[in-house]
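Enquirer: Using the sequences plus the hints, can you model the full thing?
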Amino acid sequence: MKQLIKLRVNGEDYEAYVPVHKTLLEVLREDLNLTGTKHGCELGECGACTVLVDGEPTLSCLTLPIEIQGREILTVEGLAHNGTPHPLQTAFAELSAAQCGYCTPGMLISAKALLDHDPHPARDDIRQALSGNLCRCTGYSKIIEAVELAAERR
Amino acid sequence: MTDELTLIGKPLPKVDALGKVTGETKYADDLAMPRMLHAKILGCHYPHARIKHIGTARAQALPGVVAIITGADLPVK
Chain A
1 MKQLIKLRVN GEDYEAYVPV HKTLLEVLRE DLNLTGTKHG CELGECGACT
51 VLVDGEPTLS CLTLPIEIQG REILTVEGLA HNGTPHPLQT AFAELSAAQC
101 GYCTPGMLIS AKALLDHDPH PARDDIRQAL SGNLCRCTGY SKIIEAVELA
151 AERR
Chain B
1001 MTDELTLIGK PLPKVDALGK VTGETKYADD LAMPRMLHAK ILGCHYPHAR
1051 IKHIGTARAQ ALPGVVAIIT GADLPVK
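Residue numbers (my numbering), protein chains in the order written: chain A, 1 to 154; chain B, 1001 to 1077.
Don't take every hint at face value.
As the list claims (entries may be wrong) - Here are some, though not all, of the chain B residues that point toward chain A, as calculated from beta-carbon distances under 8 Å:
#1 V1021
#2 T1022
#3 G1023
#4 D1030
None of these hints come from the bench; they were simulated from the model. Cβ atoms here follow ideal geometry from the backbone N, Cα and C, with glycine treated the same way.
Expert: Structure (structure tokens):
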């Protein structure tokens, strides 16, 4: 059964006519062509698909779009402001916190939610906030340092 | 000496770093091409089993299935 779904993503309104069981991750990637949000485990374990829904980190692979119509969804494509990268994006790039880069969009989104709640988090708070995002390249140190650098600059 | 070098000793941004933090970098799963098809591999459920028959009729009958390829389709055994 298909249904017309209205979503607000990165400040823009979208409509998609999709099967009701299609996940938010699939609709973002396949119907809205926003492929920055990554398809990882599809089980809610890896965090690669993390997006913000009304500011809260949400696993888009476990979310049905029909549940969140009208709410503000933010993906990695919406992090930059008027063409200027978010301080987290700049810090991740500078410190090589993105290695293969596949986990990076989810990491950035989780880190943004943290900094929005707590502009100067302790290292343990950063670890806790990113504990749902798996990275298989960096060993996490550079990622945590990048979040600290972004927090210092904000 | 250092003044003559343009790269060594200087912090330089990685050439692909910006794309990775903006979501613009394309991975295999992000590509959409004209006439692109999706493939699925089905492995045998039984190790060291002797293949007597692979029944593909029901899969072939599913809507949207373009081709099913098995060992019988390969020229070299």
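Enquirer: Confirm or reject each hint.
Expert: How the hints compare with the structure:
1. V1021: 4 Å, holds
2. T1022: Interface hint status for B:T1022: holds (6 Å vs cutoff 8 Å).
3. G1023: 2 Å, holds
4. D1030: 4 Å, holds
Hint compliance for this structure: every hint is met.
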